[in-house]
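**Student:** If you want the building blocks of each chain, they are given just below.
Number of protein chains: 2
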Amino acid sequence: MTTQSVWVGGIWREADASATFVAKNPATGAELADVYPISKWSDCDAALDAAVEVARGLRKLSGEQLAVFLEAYASEIEAQADAIIVMANAETGLPVSPRLQNVELPRTTTQLRQAAAAAREGSWQQVVIDTKNNIRSHFAPMGPVVVFGPNNFPFAFNGISGGDFAAAIATGCPVIAKAHPLHPGTSRLLALCAERALQTSGLPAATVQMLYNIANENGLRLVSDPRVAASSFTGSRGAGMSLKSAAERAGKLMYLEMSSLNPVVLLPGVVTERGDALAGELADSCLAAAGQFCTSPNLVLTVAGDATELFALRLADTLSMRPSGTILSEQGLKGLHESVKWLVDAGATVVTGAEPIEGDGWRYKNTLLRVSAKDFLFAKEKLQREAFGNATLLVTADDVAELTEVLDSLEGNLTGSIYSSANGTDDAIYAAVAEALRPRVGRLLNDKMPTGVALSPAMNHGGPFPSTSHPGFTAVGIPRSLLRFGALHCYDSVREDRLPAALRDKSPLPTMWRTIDGASIQG
Amino acid sequence: MTTQSVWVGGIWREADASATFVAKNPATGAELADVYPISKWSDCDAALDAAVEVARGLRKLSGEQLAVFLEAYASEIEAQADAIIVMANAETGLPVSPRLQNVELPRTTTQLRQAAAAAREGSWQQVVIDTKNNIRSHFAPMGPVVVFGPNNFPFAFNGISGGDFAAAIATGCPVIAKAHPLHPGTSRLLALCAERALQTSGLPAATVQMLYNIANENGLRLVSDPRVAASSFTGSRGAGMSLKSAAERAGKLMYLEMSSLNPVVLLPGVVTERGDALAGELADSCLAAAGQFCTSPNLVLTVAGDATELFALRLADTLSMRPSGTILSEQGLKGLHESVKWLVDAGATVVTGAEPIEGDGWRYKNTLLRVSAKDFLFAKEKLQREAFGNATLLVTADDVAELTEVLDSLEGNLTGSIYSSANGTDDAIYAAVAEALRPRVGRLLNDKMPTGVALSPAMNHGGPFPSTSHPGFTAVGIPRSLLRFGALHCYDSVREDRLPAALRDKSPLPTMWRTIDGASIQG
Numbered sequence: 007m008t009t010q011s012v013w014v015g016g017i018w019r020e021a022d023a024s025a026t027f028v029a030k031n032p033a034t035g036a037e038l039a040d041v042y043p044i045s046k047w048s049d050c051d052a053a054l055d056a057a058v059e060v061a062r063g064l065r066k067l068s069g070e071q072l073a074v075f076l077e078a079y080a081s082e083i084e085a086q087a088d089a090i091i092v093m094a095n096a097e098t099g100l101p102v103s104p105r106l107q108n109v110e111l112p113r114t115t116t117q118l119r120q121a122a123a124a125a126r127e128g129s130w131q132q133v134v135i136d137t138k139n140n141i142r143s144h145f146a147p148m149g150p151v152v153v154f155g156p157n158n159f160p161f162a163f164n165g166i167s168g169g170d171f172a173a174a175i176a177t178g179c180p181v182i183a184k185a186h187p188l189h190p191g192t193s194r195l196l197a198l199c200a201e202r203a204l205q206t207s208g209l210p211a212a213t214v215q216m217l218y219n220i221a222n223e224n225g226l227r228l229v230s231d232p233r234v235a236a237s238s239f240t241g242s243r244g245a246g247m248s249l250k251s252a253a254e255r256a257g258k259l260m261y262l263e264m265s266s267l268n269p270v271v272l273l274p275g276v277v278t279e280r281g282d283a284l285a286g287e288l289a290d291s292c293l294a295a296a297g298q299f300c301t302s303p304n305l306v307l308t309v310a311g312d313a314t315e316l317f318a319l320r321l322a323d324t325l326s327m328r329p330s331g332t333i334l335s336e337q338g339l340k341g342l343h344e345s346v347k348w349l350v351d352a353g354a355t356v357v358t359g360a361e362p363i364e365g366d367g368w369r370y371k372n373t374l375l376r377v378s379a380k381d382f383l384f385a386k387e388k389l390q391r392e393a394f395g396n397a398t399l400l401v402t403a404d405d406v407a408e409l410t411e412v413l414d415s416l417e418g419n420l421t422g423s424i425y426s427s428a429n430g431t432d433d434a435i436y437a438a439v440a441e442a443l444r445p446r447v448g449r450l451l452n453d454k455m456p457t458g459v460a461l462s463p464a465m466n467h468g469g470p471f472p473s474t475s476h477p478g479f480t481a482v483g484i485p486r487s488l489l490r491f492g493a494l495h496c497y498d499s500v501r502e503d504r505l506p507a508a509l510r511d512k513s514p515l516p517t518m519w520r521t522i523d524g525a526s527i528q529g
Numbered sequence: 007m008t009t010q011s012v013w014v015g016g017i018w019r020e021a022d023a024s025a026t027f028v029a030k031n032p033a034t035g036a037e038l039a040d041v042y043p044i045s046k047w048s049d050c051d052a053a054l055d056a057a058v059e060v061a062r063g064l065r066k067l068s069g070e071q072l073a074v075f076l077e078a079y080a081s082e083i084e085a086q087a088d089a090i091i092v093m094a095n096a097e098t099g100l101p102v103s104p105r106l107q108n109v110e111l112p113r114t115t116t117q118l119r120q121a122a123a124a125a126r127e128g129s130w131q132q133v134v135i136d137t138k139n140n141i142r143s144h145f146a147p148m149g150p151v152v153v154f155g156p157n158n159f160p161f162a163f164n165g166i167s168g169g170d171f172a173a174a175i176a177t178g179c180p181v182i183a184k185a186h187p188l189h190p191g192t193s194r195l196l197a198l199c200a201e202r203a204l205q206t207s208g209l210p211a212a213t214v215q216m217l218y219n220i221a222n223e224n225g226l227r228l229v230s231d232p233r234v235a236a237s238s239f240t241g242s243r244g245a246g247m248s249l250k251s252a253a254e255r256a257g258k259l260m261y262l263e264m265s266s267l268n269p270v271v272l273l274p275g276v277v278t279e280r281g282d283a284l285a286g287e288l289a290d291s292c293l294a295a296a297g298q299f300c301t302s303p304n305l306v307l308t309v310a311g312d313a314t315e316l317f318a319l320r321l322a323d324t325l326s327m328r329p330s331g332t333i334l335s336e337q338g339l340k341g342l343h344e345s346v347k348w349l350v351d352a353g354a355t356v357v358t359g360a361e362p363i364e365g366d367g368w369r370y371k372n373t374l375l376r377v378s379a380k381d382f383l384f385a386k387e388k389l390q391r392e393a394f395g396n397a398t399l400l401v402t403a404d405d406v407a408e409l410t411e412v413l414d415s416l417e418g419n420l421t422g423s424i425y426s427s428a429n430g431t432d433d434a435i436y437a438a439v440a441e442a443l444r445p446r447v448g449r450l451l452n453d454k455m456p457t458g459v460a461l462s463p464a465m466n467h468g469g470p471f472p473s474t475s476h477p478g479f480t481a482v483g484i485p486r487s488l489l490r491f492g493a494l495h496c497y498d499s500v501r502e503d504r505l506p507a508a509l510r511d512k513s514p515l516p517t518m519w520r521t522i523d524g525a526s527i528q529g
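Sequence order for the protein chains is A and B.
The opening residue of the first sequence carries number 7 in the numbering used here; numbering runs sequentially from there.
The opening residue of the second sequence carries number 7 in the numbering used here; numbering runs sequentially from there.
Some hints here could point you the wrong way.
You can't tell identical chains apart in this list, so a pair holds if it fits in one copy or across any two.
Computed cross-link-like contacts, PhoX-like style, restricted to lysine-lysine with a CA-CA straight-line distance of at most 25 Å [stated by the list, open to error]: (1) K371 - K66; (2) K386 - K46; (3) K30 - K380; (4) K388 - K347; (5) K512 - K66; (6) K512 - K454; (7) K138 - K388; (8) K138 - K454; (9) K454 - K46; (10) K380 - K66; (11) K386 - K340; (12) K30 - K46; (13) K512 - K340.
Simulated from the structure, these hints should not be mistaken for lab results.
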């Protein structure tokens, strides 16, 4: 079988490969047919040269031209949806329906179209005009962006099609996508869609490039290369911290989304009021995609009492009775089991699960661990290790004061949920709990599990370190997510006909909002 | 003589000092009377504990309350202006008038009042409300901020009173100021003003704290401490890179402003048109504050020709005839001379100056160096060393193509200026030159020297690395400069009465702009 080509400099060509790899079907453990290359540095080098060259041209394009490409790409994906979904199902074990077909693929094309709308509309640039001093500024494309997609979303966070991709392209930055090696075939089919969309929309062929896999040292070299403006990475904390260190030492931007426990606080009143229902709701959230969401609840915080004990029993029952989903890789299964053992070594006890399931493919028993708040506080660093998969740690505090002490000890997270009773019995304690949780999370929820991440302009899929590398940016939520790839460009006394269209006295875009002498003005 | 107290935890108290230091008058070289402590880690540690505690309270304050403090502080500075200016003149050698009295002090109080206005008005928070999904987000204070001020602006960039200070306080973040050891007395007088303003405005006493000096290793420890949210530093590239590395390894934000050559491009037509006038204008800019501005033009780019030779002669004459200003410190004078020698070693020739001036205090001959574009390109890394002070490098290219090649080789800068003729003779080449310069600078100017940095909402005092650490942020320009200290806080389905006032259906602030369902709405 021949090795698949890489997409560099606008053409599909043989990789300069150090080795090859194949993907496996996580549901069966069986190897899939196609062979993919692990590129040497020379492939990265060629992609970087092409990206620098194409970045010059992209800067001159209008938002409209970028939008046409993004929309054409969304349509191409829809036209090829069946083949893409079959491939993704084989490579990830994620169910065709509803997950891949009805949820993730539409989410992905919606993101591309939202990014197109943002590029076309223009407000994302945050134009500020000071007419008195004739000083004008806006956000403009930064330059080549490298996107490392994660293993858990083959479409919606894929480096070649996901949220970071869409945001970077919408700003006018070329993208070098590093496909995740667990779903190379899916990434290839998506890249072919992107290629057709580039052709029909007339954008430069090297606007998007893709490599399947590179050695770790070349990843570090890539993000710190002078030709790169910024990189984004979604994945493990270890890999993320290595990339961050390499990039930042070289003065390069590195946006990370690394790990998050997504604490869910259940106040005493709501547990009494509807503990059984909560157990079901929590189990749904914990088991969605076998717990392999960035926002999966890994930590549940309660206050001791009879209702909490009943809730814990019901949660354990529910988890043990539900089927276990597929873990995305053998390595992932191993990592999950290691993390569970780590948590047990650190003081947690096993309520249910905590072992791999024998048989074909990779599955793990739905797992509930438990620890007292006292023991949590005693080993608070160790017990904040993320177990990526269908495992959750239930913490029980003696009282609300101890609960807030646990919250005060938490590292940064993407989300934090607080459930409180409808009848007002939790209202008196809500404020203290929220005050402790608020600075530690990017998104605070009420009476809602964190696993839904709406494609809303108000969304924040970001948070304090180590959940991400900068709490002022979000990876989901257009147009705000575009700002990660924008450089602030100011024009001081520049002659009118030399200004970018967006900064001229007369707006080129009828719906773009601009701040002119302190007032927000449309058109 | 007793050693001055540090301001920690709301009180002035004896430092836990490892040593003491005194300031010197740069105009005379004479030691000044007061003795200041170099704090041990225990002082940093106490300040951090106090900052964490006070950050909880500050988060609950309204913008109005923060504004009242900032305005009271500005008024206190004005009331004490005479004493502050006398002290700053003695510590920095900067002229009382116009610099300290008529320019920098009013600039500083204007910044504080602009920050107050931004805090009160609220639009800086960038509220986005999605009513359909009931998701709402805005920027909120990040937590304790450490500000390291530079040597060259004792008021306007001082950690205790400058732009970073004003921005951090306006967001609701407490500030630990590290005074610059070249002007401790000025910093002390400003801190006393801040103290009175805290008292009259009723803000917590530890909202602002100040240490005079700390060992380098404690600086690295401070910026990487878990209790800190972000730090900002304006100063040398070496110190900045050390702080960046320490902070970012710990997941902490570090905003840097490090070095910038601020290229000024003089196109052939304008040199022919008004070369003599340009020589005067450029000399004014290069010699302002003896070249010790972040935006001082260190690099002048021209195209070869008779007019350029006449311009170069006139520039050299002008520089050699003008008086030399005072360099801020003995160390600064040494650094300037070393950098000039470095540039000469790298291929530049001395046209005029290039040596220290004998006598009391620290002064350097106004210096013009020169190099061909070919030689510049041959040693492009070495020749981009910033000589902080009254020295400038003139580069002459054979033609416009070579000129743009030089621009393509430049590292990131705060500013870039392009002068072109009024009669249109440069118009044909402007685009290519601007295209090369634009991605390498934060602010692009036409027919204007870079040293003026207007306090405008459209200003960008930032730029690509190594001029700063992130090209999406600015240190000057309110309200945008506040965003460096804002964490994005999202509320997903949070009950109305639990939302921050700014995110409720009814706006609490009549003039705040909010984006509601895609439209920008005031009030």
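**Student:** Run every hint past the structure and note whether it holds.
**Tutor:** Each hint, compared with the structure:
1. K371 - K66: Result: close neither inside a copy nor across copies, 54 Å intra and 44 Å inter.
2. K386 - K46: neither (41 Å within a copy, 29 Å between copies)
3. K30 - K380: neither (43 Å within a copy, 55 Å between copies)
4. K388 - K347: Answer is within; shortest intra-copy Cα gap is 11 Å, inter-copy 53 Å.
5. K512 - K66: within (19 Å within a copy, 41 Å between copies)
6. K512 - K454: Between copies, since 24 Å is at most 25 Å while 45 Å is not.
7. K138 - K388: Neither, since 57 Å and 40 Å both go past 25 Å.
8. K138 - K454: between (48 Å within a copy, 16 Å between copies)
9. K454 - K46: neither (46 Å within a copy, 47 Å between copies)
10. K380 - K66: neither (59 Å within a copy, 29 Å between copies)
11. K386 - K340: Result: close within a single copy only, 23 Å intra versus 50 Å inter.
12. K30 - K46: Only inside one copy: K30 and K46 sit 23 Å apart there, 57 Å across copies, limit 25 Å.
13. K512 - K340: neither (60 Å within a copy, 51 Å between copies)
The earlier numbered hints that this structure contradicts are 1, 2, 3, 7, 9, 10, 13.
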